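Produce the complete structure using the sequences and hints provided.
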Amino acid sequence: MKEYIIKRLALGVVLVVAVSFLVFSLMYMMPGDPIDIMISDRVSEETKAEMAHKYGYDLPFFTQYFNWVKGVCHLDFGTSARYRQPVWSLLGARIPYSLRLCSLSLLVEMLFALPLGLLCAVKKDSWIDKFCVNVSLVLTAVPAFWFGTLLIVVFAVGLGWLPISGYQTPAHYILPVAAIAFTSVGSTLRITKAEVLEVLHEKYVTTAYAKGLPRKRVLVKHVLRNSLIIVVTLTFMSIPWMITGAVITEKIFAFPGMGNLLLNSIVVQDMPVVQAVLLIIAILTVICNLASDIITAFLDPRIKDTISGGEN
Amino acid sequence: MGEKLLELKDLSIDYKIKDGYLSAVNKVNFTIDRGEVFAIVGESGCGKSTLAHSILRLLPGGNEIVTGEIHFKDEDLTLVDQERMEHVRGKEIGMIFQNPLDSLNPVFRVGDQIEEALLLDDMSEEDAYKRVIELFKDVKMPDAEERAKSFPHELSGGMRQRVMIAMMLSRNPELLIADEPTTALDVTIEAQILEILKQMKKEFNAAIMLITHNFGLVAEIADKIGVMYAGEMVEQGDVFEIFENPQHPYTKLLMKALPSGTKNDGRLQTIDGSVPRITEKKPECRFANRCPLADEKCRTENPPMEWISDTHYCKCFHLGEEEK
Numbered sequence: 001m002k003e004y005i006i007k008r009l010a011l012g013v014v015l016v017v018a019v020s021f022l023v024f025s026l027m028y029m030m031p032g033d034p035i036d037i038m039i040s041d042r043v044s045e046e047t048k049a050e051m052a053h054k055y056g057y058d059l060p061f062f063t064q065y066f067n068w069v070k071g072v073c074h075l076d077f078g079t080s081a082r083y084r085q086p087v088w089s090l091l092g093a094r095i096p097y098s099l100r101l102c103s104l105s106l107l108v109e110m111l112f113a114l115p116l117g118l119l120c121a122v123k124k125d126s127w128i129d130k131f132c133v134n135v136s137l138v139l140t141a142v143p144a145f146w147f148g149t150l151l152i153v154v155f156a157v158g159l160g161w162l163p164i165s166g167y168q169t170p171a172h173y174i175l176p177v178a179a180i181a182f183t184s185v186g187s188t189l190r191i192t193k194a195e196v197l198e199v200l201h202e203k204y205v206t207t208a209y210a211k212g213l214p215r216k217r218v219l220v221k222h223v224l225r226n227s228l229i230i231v232v233t234l235t236f237m238s239i240p241w242m243i244t245g246a247v248i249t250e251k252i253f254a255f256p257g258m259g260n261l262l263l264n265s266i267v268v269q270d271m272p273v274v275q276a277v278l279l280i281i282a283i284l285t286v287i288c289n290l291a292s293d294i295i296t297a298f299l300d301p302r303i304k305d306t307i308s309g310g311e312n
Numbered sequence: 001m002g003e004k005l006l007e008l009k010d011l012s013i014d015y016k017i018k019d020g021y022l023s024a025v026n027k028v029n030f031t032i033d034r035g036e037v038f039a040i041v042g043e044s045g046c047g048k049s050t051l052a053h054s055i056l057r058l059l060p061g062g063n064e065i066v067t068g069e070i071h072f073k074d075e076d077l078t079l080v081d082q083e084r085m086e087h088v089r090g091k092e093i094g095m096i097f098q099n100p101l102d103s104l105n106p107v108f109r110v111g112d113q114i115e116e117a118l119l120l121d122d123m124s125e126e127d128a129y130k131r132v133i134e135l136f137k138d139v140k141m142p143d144a145e146e147r148a149k150s151f152p153h154e155l156s157g158g159m160r161q162r163v164m165i166a167m168m169l170s171r172n173p174e175l176l177i178a179d180e181p182t183t184a185l186d187v188t189i190e191a192q193i194l195e196i197l198k199q200m201k202k203e204f205n206a207a208i209m210l211i212t213h214n215f216g217l218v219a220e221i222a223d224k225i226g227v228m229y230a231g232e233m234v235e236q237g238d239v240f241e242i243f244e245n246p247q248h249p250y251t252k253l254l255m256k257a258l259p260s261g262t263k264n265d266g267r268l269q270t271i272d273g274s275v276p277r278i279t280e281k282k283p284e285c286r287f288a289n290r291c292p293l294a295d296e297k298c299r300t301e302n303p304p305m306e307w308i309s310d311t312h313y314c315k316c317f318h319l320g321e322e323e324k
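As you go down the protein sequences, you meet chains A and B in turn.
No gaps in the numbering here: position 141 of the first sequence is 141 in this note's numbering, and each next residue is one more.
No gaps in the numbering here: position 115 of the second sequence is 115 in this note's numbering, and each next residue is one more.
The hints are simulated quantities; they were obtained by calculation from the structure and are not laboratory data.
These numbers were taken from a predicted model, which means no experiment stands behind them.
A few of these clues could be false.
To be verified - Beta-carbon label-pair distances, calculated as ranges:
hint	chain 1	residue 1	chain 2	residue 2	range
1	A	115	B	300	50 to 60 Å
2	A	197	B	29	28 to 38 Å
3	B	65	A	137	26 to 36 Å
4	B	121	A	115	21 to 31 Å
5	A	115	B	192	38 to 48 Å
6	A	115	B	183	31 to 41 Å
7	A	115	B	125	42 to 52 Å
8	A	6	B	125	34 to 44 Å
As the list claims (entries may be wrong) - EDC-like, lysine to aspartate or glutamate: derived pairs with alpha carbons at most 20 Å apart:
hint	chain 1	residue 1	chain 2	residue 2
9	A	304	B	43
10	A	216	B	81
11	A	203	B	81
12	B	252	B	43
No residue lacks a Cβ here, since even glycine has one placed at the ideal position from N, Cα and C.
Here's what the structure looks like:
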């Protein structure tokens, strides 16, 4: 098991390095000169050249890349062209907001998707199943930004129950969390339902009934527990998607997270910030995939044995 | 042998299918006394497993229609409520399944899965653990303590079946339903499992309903035999009577299909065709299309139950006739 984790981590590092190169070269190839963004175009060419030299934009591509990577290793992502601040301090202030928003959304999503998925599977073809499946279908099809806007129109503008945008109080979190959670709850619900339906037909479920366990115990302990293996794996793998999905939602609710920063930075071509955010998302993806594998191994002893080569 | 434990009266099970019904079990009657081993023999697809599952109400649920009565001790199991049924399962009637490979939950340790059953009976966890080890020794599980901590995938098929047997005996049920308990196992393991079942019968005076297509197993352990064909019990009787004097053409063919002698004795006898899917209940003998003795009457009338002795009956128009 330990060996496996180390192997996967090493692979993850390789992946992150590859992504960092891609991100950097994409930004490098983008039209527009970073210097133009930093200062007015009315300054002389000489001053521009001086600026370019100061920030290292006159160096060859690979030197620039290696300098950047060197900096990144020390958590120095360069200086934001727009805010004239180190990127890391910009991010440091915003990452906690994004993490809070996404973990709350994930929690809410699971709180709805798991029990309802189980219920839909057990009461297959009942009105509650049909209702949940149809609603989740609609919610999955609706884009988060539209749903978010709808929530604002109804609950903030219309009813006035909740603040329109911002981040200061817990109440500010309710609408953005709802926008993210309810647009992603559908797929998790349907996966849970499909898994539960499959597990319900497993012979060990019949065994559980045959030994005299009450129905509730069978459903929660044997059926849900085994269905969770896949659900948890997929959920963990969906976290990076959720974070990228939150980008637009954050913008709508003027939420000061990473996503909002990323969007603003793309618009003004603030390359150092864009590079940093993309790299962080890449690292997060690698971590989440690894975490999902490790959790799966702990949930399913068969997989644990396979990846640790049978030794105990 | 005495007290009646289980009695099935006109039990029929139909599955709803796309357009109509599939008759899986049709008007089956039999009784099992305490301490008795009743074997149900028949080809794959003849409704044996459906019958067994229906007694504990373990059919998949939703699309089957069960009619008739299942009397266990003094109540009809088709009528009792869910809670009572949960109490009967495991505690009064235990069931061993055909395929031990996927009858155990892959994510729990086998010892814990047995303990889970024991803990239903106000037992402390410590006592439950001791009992598991005891049971493992009863079913001749090697390295009992070690194995209790294993996951199902770490055990061989034979060991998993021992776990199943231990689990189902753990609460001392009065009746054990064994649905082809050795089909998925090899011959040496089969003999050991058989030995365990015999011992259980002797020690606890448990009744066993054994479902199998293996006449060898039947001869070893059964007191009574019921031969099933296409959902119907075509012949039933004392084990000696059936072996010595099989009456139904199907029973005779089944016995001929048993391997005996050496390869030099020629090809193994087979029965042409396969068990038909019965989607329409009409008066006929369900075996008619494969029967060497079938005539017009067999295709238009239900054969009656003919009693050959007070313990042996057969459903056939052509009793005593030999194959042409």
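* Honestly, do residue 115(A) and residue 300(B) meet the 50 to 60 Å range at C-beta? -> Distance hint for residue 115(A), residue 300(B) holds at roughly 56 Å.
* To do: Starting from the hint 28 to 38 Å, judge whether the C-beta atoms of residue 197(A) and residue 29(B) obey it.
  => holds (36 Å)
* To do: Verify the proposed pairing of residue 203(A) with residue 81(B), using a straight-line Cα cut of 20 Å.
  => Violated. Residue 203(A) to residue 81(B) sits at ~23 Å, over the 20 Å cutoff.
* To do: Could you say whether the range 42 to 52 Å given as a hint is met by the Cβ separation of residue 115(A) and residue 125(B)?
  => For residue 115(A) and residue 125(B) the Cβ distance comes to about 29 Å; the hint is violated.
* Asked: Has the hinted range 31 to 41 Å been met by the Cβ atoms of residue 115(A) and residue 183(B)?
  -> holds (39 Å)
* Asked: How does the Cβ-Cβ distance of residue 6(A) and residue 125(B) compare with 34 to 44 Å: does it lie in that range?
  -> With a Cβ separation near 37 Å, residue 6(A) and residue 125(B) satisfy 34 to 44 Å, so the hint holds.
* **Holds or violated: residue 304(A) to residue 43(B), with C-alpha atoms at most 20 Å apart** => violated (40 Å)
* To do: Using the beta carbons of residue 65(B) and residue 137(A), state whether their distance is inside 26 to 36 Å or not.
  => Hint holds: Cβ distance 33 Å, inside 26 to 36 Å.
* Verdict for residue 115(A), residue 192(B) (Cβ pair) under range 38 to 48 Å -> The hinted range 38 to 48 Å holds for residue 115(A) and residue 192(B), with Cβ atoms some 45 Å apart.
* Pair hint residue 252(B) and residue 43(B), alpha-carbon separation not exceeding 20 Å -> holds (13 Å)
* Between residue 121(B) and residue 115(A), does the C-beta distance stay in 21 to 31 Å? -> Between residue 121(B) and residue 115(A), where Cβ atoms are some 30 Å apart, the hint holds.
* Within a Cα-Cα threshold of 20 Å, do residue 216(A) and residue 81(B) meet the stated pairing? -> holds (15 Å)
The structure is inconsistent with the numbered hints 7, 9, 11, although it conforms to all the rest.
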